[in-house]
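Could you slot chain B onto chain A? The hints should help.
Chain order of the listed sequences is A and B.
So for the first sequence, my numbering puts the first residue at 1; every next one is plus one.
So for the second sequence, my numbering puts the first residue at 1; every next one is plus one.
No lab work stands behind these hints, which were simulated from the structure alone.
Note that the structure is predicted; figures quoted are calculated from it, not measured.
By construction, the Cβ of each residue, glycine as well, lies at the ideal position given by its N, Cα and C atoms.
Check before you lean on any hint, since a few could be wrong.
[What the hints assert, rightly or not] One side of the interface only, derived from the structure: several residues of chain B facing chain A at Cβ under 7 Å:
(1) 17
(2) 24
(3) 104
(4) 199
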Amino acid sequence: MQGARGSIIIVLVAFAILLLQSVFSRLLAPYPFSPYFGLPFVFALATAPGIRLLRGALTAFAIGYLYDLFTGNPLGLHTFVFVVGYFTAWLLGYLLSFRGIVFEMVLSFVLTVLLGGLLELIRGFTPGGIARSGGTLALALFASAFATALLAPILFALVRWVDPESERAPT
Amino acid sequence: MNYFQTIRDAAILLALLIVPAVFLRANLRDPSELSWLDRALLQVSGPVQYVAEWAADGVTSIVEDYVYLLDVKSDNDHLRAENDRLQREMRVLRSDVQRVRELESLLGLRERLATESMTARVIAKDISPSFRVVRLAIDRGEQAGVHAGMPVVANQGLVGQIRRVSGRFADVLLTIDPESRVDVVVGESRARGRIEGLGERGRYRCRIQFDRMDDRVAVGDEVFTSGLGKKFPASILIGYISKVGGQELGLQQQGEVTPAVDFTRLDEVLILTSGPKDPGAL
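The following block holds chain A by itself, in its conformation from the complex (with noise of 0.2 Å):
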């Protein structure tokens, strides 16, 4: 009951970020270097000790159908993606065993392009989606991701403060 309560504040708290961010994007209008907000907090929750696999992978599930309705995508575009992102991380957190703000940014780092790059993809499906050429596709996934992992410390420790259960390693 407690990490059940405790998904839903980290849901409302990534949707806050969400609207913190398509706010952040509209004053500043910082592209390329335009950051992916809700992709490090699935990266947190995937690689927190305390949290569940299945409960990790709902509360990603969630955040990721947000971002769906919000930011106009067709439905199941980002939900997949950070489904996907989440399971990633999820096994790459399993595989190493180093942890800090340097594993933080470089995973937010790594996993950002990919994912953007998957993003990207799926994208080219779309009926009428509109391609974009390689050199502004790599200039925008390199500086979307380098923002992101700029960002990912701070997101990292915002889901450790909304749920300090995460930190707890399962007895």
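Only chain B this time, still in chain A's reference frame:
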């Protein structure tokens, strides 16, 4: 965790991956190529999505309105500051325009008087309790070659004469001062006389005494300097007769003159530094 729970969790995890993929596939396909499964999925998800999007649009519009209001506030602050700056500049420019007009006017006066003169700025005014100017100080003094007795004029007419000078400043004896005496002539009748200040603290007035009892003067007649005694150039306007009548021992006709100069508004004056060369009308 028992075996059943493990299977259940694995099934849910798989569903979490497959369900969005299936929905995504249905959403991405061309509507003309939808299979019965795609159509069924869209039928199920459609109403849910409609309600969720309605809520999402509401929240988004609130957030966007807020951001828009932030922009408006920022624009307002910017425009208010700009407006304040322009208002300040406009006040300065209006003041400059006024000063330029006064200087132009004095320049014209200088050319008409055809005497040597210098401009001076009024730097101090002594004000009576009834808000009348009783003394002026100007920013020209001994260093500029100013001496006591030099006439001081403004565009409207005679202001007075230099009373005393110090290094860089001078005091002006106004025509309304009781110590001031000026020989005058009345415009059309050419009646001659003298005016002296009444020194009244509540109004600007001079007393005029005519040389002859039978001079025909009327209220509103213009009073000019006569040029007698060479102290003031002739034909400088002093003011207008505002009252006629009253006799002193039955020998002289008296009246009152209202100065043409508004001493309250004086900012720039002209000091006549040499005697009259070619007296002209003011």
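Next item on the list: Just pull the numbers of the violated hints for me, sorted ascending.
Entry: Structure breaks hints 3 and 4.
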